[in-house]
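Asker: The residues making up each chain are set out below.
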Amino acid sequence: MVFAPTPQLTVTVDQPNDHPELHLHPGGQGVWQARMVISLGVDVVLCAALGGEIGQVLEPLLVSEGVDLKVVVRDSGSGGYVHDRREGSRQEIADVPGQPLSRHEIDELYNLALGEGLRASVSILSGPNEPWLVPADLYRRFAADLGANGGRVVVDLSGDHLGSVLESGVFFLKVSHEELIRDGRARSDDTEELTRAMYELHAGGAETVVVSRADQPALALIDGELFQVEMPRLEAADPRGAGDSMTAGVAAVVARGGDIRTAIRTGAAAGALNVTRHGLGTGRLDSITGLVDRVRLVPADSRQQERTTPDELAGRVVER
Amino acid sequence: MVFAPTPQLTVTVDQPNDHPELHLHPGGQGVWQARMVISLGVDVVLCAALGGEIGQVLEPLLVSEGVDLKVVVRDSGSGGYVHDRREGSRQEIADVPGQPLSRHEIDELYNLALGEGLRASVSILSGPNEPWLVPADLYRRFAADLGANGGRVVVDLSGDHLGSVLESGVFFLKVSHEELIRDGRARSDDTEELTRAMYELHAGGAETVVVSRADQPALALIDGELFQVEMPRLEAADPRGAGDSMTAGVAAVVARGGDIRTAIRTGAAAGALNVTRHGLGTGRLDSITGLVDRVRLVPADSRQQERTTPDELAGRVVER
Amino acid sequence: MTVRVLITNDDGIAAPGIQALAWAAQQRGLDVVVAAPMEEASGTSAAMSAMERDGRVVVNDHPLPDLAGVPAYGVAGSPGFITLIALHGAFGPPPSVVLSGVNRGANAGRAVLHSGTVGAAFTAATNGCRAMAVSLDVLSAGEATAASGGVAVDAAARVRDAERHWGTAARVALDLLPRLTSAPMESVLNVNTPDLPHGQLRGVRRGTLASFGQVQMTVAESGHGFVRTSLEEPGQAAQPGTDVALLAAGYASVTAIRAVSEATDIDLTGLDEQP
Amino acid sequence: MTVRVLITNDDGIAAPGIQALAWAAQQRGLDVVVAAPMEEASGTSAAMSAMERDGRVVVNDHPLPDLAGVPAYGVAGSPGFITLIALHGAFGPPPSVVLSGVNRGANAGRAVLHSGTVGAAFTAATNGCRAMAVSLDVLSAGEATAASGGVAVDAAARVRDAERHWGTAARVALDLLPRLTSAPMESVLNVNTPDLPHGQLRGVRRGTLASFGQVQMTVAESGHGFVRTSLEEPGQAAQPGTDVALLAAGYASVTAIRAVSEATDIDLTGLDEQP
Numbered sequence: 487m488v489f490a491p492t493p494q495l496t497v498t499v500d501q502p503n504d505h506p507e508l509h510l511h512p513g514g515q516g517v518w519q520a521r522m523v524i525s526l527g528v529d530v531v532l533c534a535a536l537g538g539e540i541g542q543v544l545e546p547l548l549v550s551e552g553v554d555l556k557v558v559v560r561d562s563g564s565g566g567y568v569h570d571r572r573e574g575s576r577q578e579i580a581d582v583p584g585q586p587l588s589r590h591e592i593d594e595l596y597n598l599a600l601g602e603g604l605r606a607s608v609s610i611l612s613g614p615n616e617p618w619l620v621p622a623d624l625y626r627r628f629a630a631d632l633g634a635n636g637g638r639v640v641v642d643l644s645g646d647h648l649g650s651v652l653e654s655g656v657f658f659l660k661v662s663h664e665e666l667i668r669d670g671r672a673r674s675d676d677t678e679e680l681t682r683a684m685y686e687l688h689a690g691g692a693e694t695v696v697v698s699r700a701d702q703p704a705l706a707l708i709d710g711e712l713f714q715v716e717m718p719r720l721e722a723a724d725p726r727g728a729g730d731s732m733t734a735g736v737a738a739v740v741a742r743g744g745d746i747r748t749a750i751r752t753g754a755a756a757g758a759l760n761v762t763r764h765g766l767g768t769g770r771l772d773s774i775t776g777l778v779d780r781v782r783l784v785p786a787d788s789r790q791q792e793r794t795t796p797d798e799l800a801g802r803v804v805e806r
Numbered sequence: 487m488v489f490a491p492t493p494q495l496t497v498t499v500d501q502p503n504d505h506p507e508l509h510l511h512p513g514g515q516g517v518w519q520a521r522m523v524i525s526l527g528v529d530v531v532l533c534a535a536l537g538g539e540i541g542q543v544l545e546p547l548l549v550s551e552g553v554d555l556k557v558v559v560r561d562s563g564s565g566g567y568v569h570d571r572r573e574g575s576r577q578e579i580a581d582v583p584g585q586p587l588s589r590h591e592i593d594e595l596y597n598l599a600l601g602e603g604l605r606a607s608v609s610i611l612s613g614p615n616e617p618w619l620v621p622a623d624l625y626r627r628f629a630a631d632l633g634a635n636g637g638r639v640v641v642d643l644s645g646d647h648l649g650s651v652l653e654s655g656v657f658f659l660k661v662s663h664e665e666l667i668r669d670g671r672a673r674s675d676d677t678e679e680l681t682r683a684m685y686e687l688h689a690g691g692a693e694t695v696v697v698s699r700a701d702q703p704a705l706a707l708i709d710g711e712l713f714q715v716e717m718p719r720l721e722a723a724d725p726r727g728a729g730d731s732m733t734a735g736v737a738a739v740v741a742r743g744g745d746i747r748t749a750i751r752t753g754a755a756a757g758a759l760n761v762t763r764h765g766l767g768t769g770r771l772d773s774i775t776g777l778v779d780r781v782r783l784v785p786a787d788s789r790q791q792e793r794t795t796p797d798e799l800a801g802r803v804v805e806r
Numbered sequence: 011m012t013v014r015v016l017i018t019n020d021d022g023i024a025a026p027g028i029q030a031l032a033w034a035a036q037q038r039g040l041d042v043v044v045a046a047p048m049e050e051a052s053g054t055s056a057a058m059s060a061m062e063r064d065g066r067v068v069v070n071d072h073p074l075p076d077l078a079g080v081p082a083y084g085v086a087g088s089p090g091f092i093t094l095i096a097l098h099g100a101f102g103p104p105p106s107v108v109l110s111g112v113n114r115g116a117n118a119g120r121a122v123l124h125s126g127t128v129g130a131a132f133t134a135a136t137n138g139c140r141a142m143a144v145s146l147d148v149l150s151a152g153e154a155t156a157a158s159g160g161v162a163v164d165a166a167a168r169v170r171d172a173e174r175h176w177g178t179a180a181r182v183a184l185d186l187l188p189r190l191t192s193a194p195m196e197s198v199l200n201v202n203t204p205d206l207p208h209g210q211l212r213g214v215r216r217g218t219l220a221s222f223g224q225v226q227m228t229v230a231e232s233g234h235g236f237v238r239t240s241l242e243e244p245g246q247a248a249q250p251g252t253d254v255a256l257l258a259a260g261y262a263s264v265t266a267i268r269a270v271s272e273a274t275d276i277d278l279t280g281l282d283e284q285p
Numbered sequence: 011m012t013v014r015v016l017i018t019n020d021d022g023i024a025a026p027g028i029q030a031l032a033w034a035a036q037q038r039g040l041d042v043v044v045a046a047p048m049e050e051a052s053g054t055s056a057a058m059s060a061m062e063r064d065g066r067v068v069v070n071d072h073p074l075p076d077l078a079g080v081p082a083y084g085v086a087g088s089p090g091f092i093t094l095i096a097l098h099g100a101f102g103p104p105p106s107v108v109l110s111g112v113n114r115g116a117n118a119g120r121a122v123l124h125s126g127t128v129g130a131a132f133t134a135a136t137n138g139c140r141a142m143a144v145s146l147d148v149l150s151a152g153e154a155t156a157a158s159g160g161v162a163v164d165a166a167a168r169v170r171d172a173e174r175h176w177g178t179a180a181r182v183a184l185d186l187l188p189r190l191t192s193a194p195m196e197s198v199l200n201v202n203t204p205d206l207p208h209g210q211l212r213g214v215r216r217g218t219l220a221s222f223g224q225v226q227m228t229v230a231e232s233g234h235g236f237v238r239t240s241l242e243e244p245g246q247a248a249q250p251g252t253d254v255a256l257l258a259a260g261y262a263s264v265t266a267i268r269a270v271s272e273a274t275d276i277d278l279t280g281l282d283e284q285p
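Taken in sequence, the protein lines are chains H, V, E and C.
Okay, so the first sequence: first residue is 487 according to the working numbering, each after it adds one.
Okay, so the second sequence: first residue is 487 according to the working numbering, each after it adds one.
Okay, so the third sequence: first residue is 11 according to the working numbering, each after it adds one.
Okay, so the fourth sequence: first residue is 11 according to the working numbering, each after it adds one.
Since the hints were derived computationally from the structure, they do not count as laboratory data.
Please read these numbers as outputs of a predicted model, since none were measured by experiment.
Note that beta-carbon positions come from the ideal geometry of N, C-alpha and C, so glycine has one too.
Don't take every hint at face value.
Quick list of the computed label-pair ranges, beta carbon to beta carbon [as the list claims (entries may be wrong)]:
1. E:75 x V:773: 19 to 27 Å
2. V:678 x H:623: 14 to 22 Å
3. V:568 x H:590: 43 to 51 Å
4. H:678 x E:99: 29 to 37 Å
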């Protein structure tokens with residue numbers, strides 16, 4: 487189950503050759519994650535709140551993606567954005583975040599998604615496009631109710647939403663080093679500092695933690711042990727979406743009964759392939775499978791095996 | 487050492503009998519804490535940033551309190567407030583929070599206070615009157631530098647400032663149940679929920695935690711064990727300031743080499759006496775000493791001794 | 011020469027039992043140093059675990075009430091770890107005797123394998139230092155009659171720590187000190203005392219190890235700290251002469267035990283000829 | 011009847027050694043169930059500790075690669091705790107043999123008192139189940155000559171887990187299974203193997219317990235996870251015939267040991283006549 491509270495309509499102007507093109511796609515974190523899970527051959531139930539004219543356009547677009555769509559109809563309209571990519575890089579023309587979910591809409595969407603989540607072995611709880619659209623506490627309740635009933639919760643969240651969901655505990659957390667710094671969970675991007683933050687996230691409720699680091703190999707904390715996720719480098723056409731691929735890859739493999747290490751290697755492979763294409767959340771199953779074997783989890787903790795003596799231990803005492 | 491980054495001038499209009507009175511006092515958390523530490527017979531170095539006309543008034547007022555005052559002179563003016571207490575309860579007439587400390591002022595104050603803190607066995611890091619006046623990260627650095635050099639850090643903070651200082655660890659934390667709820671660390675004021683939050687604060691870096699609960703006995707987490715702080719009830723003239731008394735009482739006893747349990751009982755006694763008086767941060771040493779013996783730490787964990795068998799343990803396994 | 015004694019436990023430096031044991035040792039004129047876990051560590055066996063900050067073991071001064079002049083430390087480590095580093099000089103001159111306790115709850119029978127109280131004593135013995143483990147049976151019938159059963163347990167659960175007879179256990183332990191110092195170095199004395207005034211003890215007897223017995227442990231409950239638990243194998247009458255039976259009958263029980271030993275009644279010849 | 015075997019360890023369910031041991035056991039046709047700590051628990055001795063959520067012990071399915079059909083669980087508890095509850099049916103029918111390992115690092119000499127790997131085996135033996143502890147000496151000279159000393163250690167530190175000879179240790183252990191099942195119930199076999207291909211072992215020999223030896227532990231470092239440490243008592247030549255000496259000479263070592271036993275050579279008569 488993928489929980490996508492506020493899908494958006496993405497309108498992109500592009501000009502790959504002589505003539506400009508207009509692309510209409512459903513977007514938002516949950517949608518991109520769902521798309522990648524499907525491309526990995528796993529069925530997805532997508533639970534979303536949609537409304538207004540944009541919502542009317544989004545519903546058929548989402549169904550055509552191949553998801554099993556469950557909708558709560560909103561009183562206010564869904565959001566969207568217009569991007570211009572004609573100059574090579576993205577330029578934002580307009581961004582309509584939409585209205586916050588009302589109390590009633592939240593209740594309906596929660597009931598709907600909880601019912602679906604309880605039937606699924608894995609649930610991705612995606613974030614809203616703007617933090618203020620959905621209260622963070624909803625994620626805490628969601629993770630608690632799913633976790634208490636044997637569901638595995640996979641998230642790529644930050645800020646208050648991350649804090650809330652951690653209170654109930656998650657099976658897998660993906661977060662970027664920029665988000666860790668922005669949230670005050672890490673003071674810098676050096677490995678030791680990020681490692682510290684990861685152990686804290688783990689202690690705080692995240693069973694497995696992956697931190698992406700832009701150009702550097704991601705770090706993974708698995709069963710209390712730290713690894714670097716090493717893989718062949720591919721040239722990036724669009725660096726966005728690698729994180730969603732990681733999250734989706736992990737969810738897909740775990741849903742199929744795979745182990746967490748294979749799941750992370752698959753997520754990394756999906757992410758590596760995804761950035762070579764423009765469409766967010768896409769990736770061909772056979773290319774990904776071919777790449778998984780080349781992704782390696784290399785123990786990253788340099789202090790793994792020390793030698794010491796009782797005398798040395800006794801000498802390490804310090805009084806505060 | 488008491489670190490008081492932004493002392494304020496308090497102007498209070500009162501009318502205990504026929505004629506109105508105008509009271510001028512230094513105020514702010516650090517000042518109230520320092521006043522109580524002194525009344526417990528322990529010397530205080532107070533490190534503060536002062537500026538403008540208000541700063542000029544505050545300096546002599548602070549010195550007359552009996553503290554060893556160390557000042558960094560600010561470019562902008564210190565803050566203050568005017569309260570009217572003629573109707574019995576406080577009414578705010580004006581509140582001037584002042585400007586945030588500049589980069590340069592922060593550096594100077596930090597150097598000054600760190601030097602004093604390293605000489606002291608206990609340091610109280612008091613908060614600014616408004617959170618945005620002093621960056622939270624300063625408290626993290628401060629606690630780290632003091633802790634690494636054997637200093638004991640005592641705080642009564644909340645919000646981001648609490649989060650930051652916990653990263654480096656503190657010897658003693660006092661916080662109210664309202665603050666825990668406001669910060670999202672507790673979901674309600676029921677004992678179990680507050681207890682959970684306290685264990686998390688302890689795990690997060692606070693060695694000893696006391697949570698005040700308005701009319702209910704405070705809770706204390708000492709060496710991993712939970713206690714209720716029970717004491718004779720006294721009628722409150724001004725319910726503010728009990729928290730500062732607790733913090734100051736703990737700091738004073740620990741500075742004299744006392745144990746943490748006696749420290750908390752003394753802090754509670756000081757707080758109980760303080761609320762019977764109008765002047766914040768006051769309390770007579772002999773009355774406090776007389777009351778300490780009547781404060782009891784009663785184990786509050788109702789699940790203290792269970793019996794179980796290996797078979798029962800095996801039956802408690804659940805798969806997620 | 012004054013005997014130097016390390017007092018430790020697994021209930022944590024703030025537990026009432028360690029205070030009673032340290033006080034009794036000081037009264038007998040011993041040179042006492044106290045070092046114990048900062049927090050509850052019941053059921054940690056002889057675990058070697060410690061928490062460091064910047065590469066240093068975290069240790070706090072933790073003076074005990076009414077024991078001025080006795081150095082006392084809270085250590086972020088398991089009882090076994092604390093004992094090992096104490097024997098290597100971490101808290102002043104190495105002790106020649108380790109007293110572990112008074113534990114809140116009995117540690118009796120073969121289940122003492124899991125006890126942190128006994129684990130500290132085993133660590134000492136393995137490193138050539140004499141050691142005794144001392145426990146108070148807080149779930150014992152106490153002053154209730156043996157027949158009152160469940161009622162007594164309910165009553166025990168309501169007893170405040172301050173009202174328990176820690177001093178009885180401490181006195182029994184220190185009376186045994188001459189036996190300990192003349193025993194072989196590898197042996198540990200495991201002492202259990204009912205929660206009774208010393209005058210109401212029926213006596214002190216040597217016990218054998220019950221087949222499972224009773225051991226204290228803590229279970230961490232997510233978000234709620236921990237639960238103190240007495241782990242017991244129930245449903246069988248206490249075998250006569252065992253530590254468990256003596257305790258139930260109102261005696262203090264002493265058992266002489268050893269940690270890891272070599273077994274000789276197993277055939278390990280010709281190992282290379284195996285398929 | 012197929013022998014049911016519990017495979018556990020103290021390095022955690024994700025460690026490479028447990029995979030090798032489970033695989034070898036399955037290859038020999040044993041009925042295998044795997045349950046091990048979710049996280050590193052080296053040096054936890056026979057500790058009884060567990061983490062619960064809403065009163066239930068937290069257990070996750072944790073299928074092992076290439077071991078389809080073998081139930082495998084990550085448990086939020088110490089190896090001793092996991093073993094105890096397994097013997098009481100927590101993971102299906104109780105096993106009749108417990109194999110603990112393959113541990114990352116040697117557990118030899120009297121210091122095995124502190125080992126979580128050995129602690130799990132002791133827990134089993136104390137509860138009437140046969141048990142073996144199996145460790146791989148990752149700091150051994152390996153293929154370097156004995157003379158290369160420090161160089162070999164540096165080299166060992168750089169060896170990737172995947173390149174270590176876990177299979178050698180697993181094979182030696184399973185070859186010893188018939189000896190174990192015919193041994194007295196209370197005995198534990200403690201097996202240590204150098205990090206060598208099986209063909210390069212000089213042989214398998216019975217060892218005596220070195221006076222201290224070597225044990226694995228972890229030290230939690232505030233904010234940095236933990237540090238894996240090999241705790242050793244250095245500066246003395248290995249006593250001939252001990253497990254430590256055999257290992258250094260390129261042999262796999264087997265020691266037959268027992269947990270808590272009663273000592274008889276201590277005078278505990280006339281206790282009530284004491285002052």
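Asker: Does each hint hold? Answer for all of them.
Answerer: Against the structure, the hints:
The beta-carbon spacing between residue 75 of chain E and residue 773 of chain V, approximately 23 Å, falls within the hinted interval of 19 to 27 Å. As the Cβ distance of residue 678 of chain V to residue 623 of chain H is approximately 19 Å, the hint placing it in 14 to 22 Å holds. Taking the beta carbon of each, residue 568 of chain V and residue 590 of chain H are about 45 Å apart, inside 43 to 51 Å as hinted. For residue 678 of chain H paired with residue 99 of chain E, a C-beta distance near 31 Å keeps the hint of 29 to 37 Å intact.
When held up to the earlier numbered hints, the structure conflicts with none and fits them all.
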